[in-house]
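Participant: Each chain is listed here by its residues.
There are 2 protein chains.
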Amino acid sequence: MQSLIVKKFGGTSVGTLERIRIVADQLIQTKQAEEKLVVVVSAMSGETDRLLNLAYELCPNPSAREIAAMITTGEQVSAALLAMALCEKGMPAKSFNAAQLSILTDAELPTKARITKISAEKISAALANNQILVVTGFQGVTESGDITALGRGGSDTSAVALACALSADECQIYTDVDGIYTADPRLVPNAYRVEQIPFAAMMTLAKLGSKVLQWRSVALAGKYQIPLRVLSSFKEGKGTLMHYDQAQIESAKFSGLSHQMGLTRWIIKIKNPQGNELSLLAESLAQQQVLLESIHQTQIHHAAEISLLFSREENAQATVLLNTLCEQHHWSCEAQHGFARISLVGIGLSSNPEVAASFFAALSQLNIPIQETLYSELSLSAIIPDSELPQAARALHKIFFESSI
Amino acid sequence: MQSLIVKKFGGTSVGTLERIRIVADQLIQTKQAEEKLVVVVSAMSGETDRLLNLAYELCPNPSAREIAAMITTGEQVSAALLAMALCEKGMPAKSFNAAQLSILTDAELPTKARITKISAEKISAALANNQILVVTGFQGVTESGDITALGRGGSDTSAVALACALSADECQIYTDVDGIYTADPRLVPNAYRVEQIPFAAMMTLAKLGSKVLQWRSVALAGKYQIPLRVLSSFKEGKGTLMHYDQAQIESAKFSGLSHQMGLTRWIIKIKNPQGNELSLLAESLAQQQVLLESIHQTQIHHAAEISLLFSREENAQATVLLNTLCEQHHWSCEAQHGFARISLVGIGLSSNPEVAASFFAALSQLNIPIQETLYSELSLSAIIPDSELPQAARALHKIFFESSI
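Protein chains in written order, with the working numbering: chain A, 1 to 405; chain B, 1 to 405.
Everything labelled a hint here was simulated from the structure, so no lab data went into it. Owing to the predicted nature of the structure, the values given are computational and were not obtained by experimental measurement. Ideal Cβ placement from N, Cα and C applies to all residues, glycine included. Do not rely on the hints blindly, as some may be mistaken.
What the hints assert, rightly or not - Derived coverage of chain A by chain B (criterion: at least 3 residues anywhere in the stretch with Cβ under 8 Å from a Cβ of chain B; other residues may be distant): (1) 14-27; (2) 66-72; (3) 91-104.
From just these sequences and the hints, can you work out the full model?
Facilitator: Printed below as a string of structure tokens:
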């Protein structure tokens, strides 16, 4: 049987012509004779931002339909360049965009579209003659033919969605790191790469700030049980494989430390709450697809306090939305900036009270003020000041990942 | 009845965000309430070259299919930006690319494709609600969905082809000059703008080097008798209208001086010619769509000499082709660079021998060596050294265009 592999190269992997040549060489060297290869590429690094800046310099509130049509051109350029480089080296290859392959998305939010359908037939036809398919990541097209973008990091989603549609044998995400680490090595020098990671842990890591994989693409891979591998396009190695092996999952314990900086906490104070405030907020945010990191409500007598946590990327949109809502309903609100979340990810954390005890003890020994704690079956997090993050991460890594070495 | 106007803005007209804002303002100010407007845009100036340079830096002989897919992205960016700017100013507008509007082309030469069909229905539907359609120039798509480019200056062709498909009332080409001049004002300071120009003369001017309009688009407009107007996007004015009025054509005489620099002359010497050499050369050039400026054969006893003239743009491709052919057939060949063609364009030139006499007298008085002469019903040309062009142009303009002022 022929195997089918989907490989995705991000913006830095195709960031220069020299890098594109290297990727072409790698593909030619590693392609098995009978292997079918679909390669998804992002725009050359910096290109999407260059285009976005053009748009926002032109007008403060550009049409989302036009933004999508414009910012997805960067992928078409890098896809064509990679196909050229492959052809030049004697490997038949063709570039395709989302419209050409009918990568269909919904139409509500043109710059944060979600893939609804991919025609496997079109792609299978294009895969004939043993040629490599180079596909624009990040792009989609609506039923009516409008161009859409999948949102930041959407090329990962493109790759995983293609792998699912084609029932690929493996989806390989090439990045600038050589796998999943127990913590961010820039923050924790002793962090080390893991060979394999269970799906649930990977999902949690991505949700809690690991930048290596987008959680949407992890979730999608999980839905179809596609083996997903993260590896480096700059150095050789087997990377980290995300697996669905129940036996291994049960024996696993801690998978890694994850963190996210630049969080903003919103505190909303409501007098005489009606009881529907939480759902009102959650719905308004969902309508605009503003991603919320967490939401908590505390109620004391005739007043309620709701705290919400947003990443730096989402906070601009959240600010507009929350200010409008609070004005409408006469709620008072306040934004507090400069928070980080440090999270321990692992299977069965809540069934082990000692883990939480060690976690909080480590932070309190360093006199780090904890603003909030978040606890689930798969993770244990603390919201702390940005400035305290490095020492917190190193201390927690030492306790949970270095003791058994 | 609603009128329908197609307007085309070139690369310098949309070269900066400031320029795009100005174009948006102009469109809003001049759009009649009941007028339907299709606006065709080129890439922001320099963008197509930037992309081409990327490709040729990556590989010396890139796939034409990929070049076409890549270099047409510039138009998508400028179309989206203009649509955004219009929306921002309260004028409903949407950008569309060639695939979205089914602007079909042939598939033989992906970077020099020719439009074969445009679906007027798709465009009419998109023109509903009084919104402005902003269309990517230069782009096409094949029946099988591959992206094609129409060749340099192809945005003019896009505009004229759309005007034909939609039976537009007028096709307006906005450029950096405010109309058609009796000669290039940079070369001839006394040159002046003409209000109207007959189709045949415009066609000839374009063929003979006038850069204002691409001759392919002039020919297309003529085929469907679309009134074509050249005007400036930088200053107000009525520009120059190309018309099909037979009565006016008959009374017209000289329309202008046209010139082209940087020509290369190839001299091919053939011993014992078979008689099919001319057609062999012409066919080979046509197959690669290399545009020939002229071809001449002289035969003396058992030897033939063929001289061919190429523009700077075409000469690179011509060189490869001619060298191959000459080696194959054991012909000797030689390239002579640095020629210019100066042409007088007007109706009924050949029926007036005095015109030719004055033309050659002017050049001989200046001691300008004439390499070759070309003569037709509509034009009279001399091939002279590049360096002699300015004084030749000024002298001829004085005789034919300044005496009656």
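Participant: Going through the earlier hints one by one, which of them does the structure break, listed in rising order?
Facilitator: No hint contradicted; all consistent.
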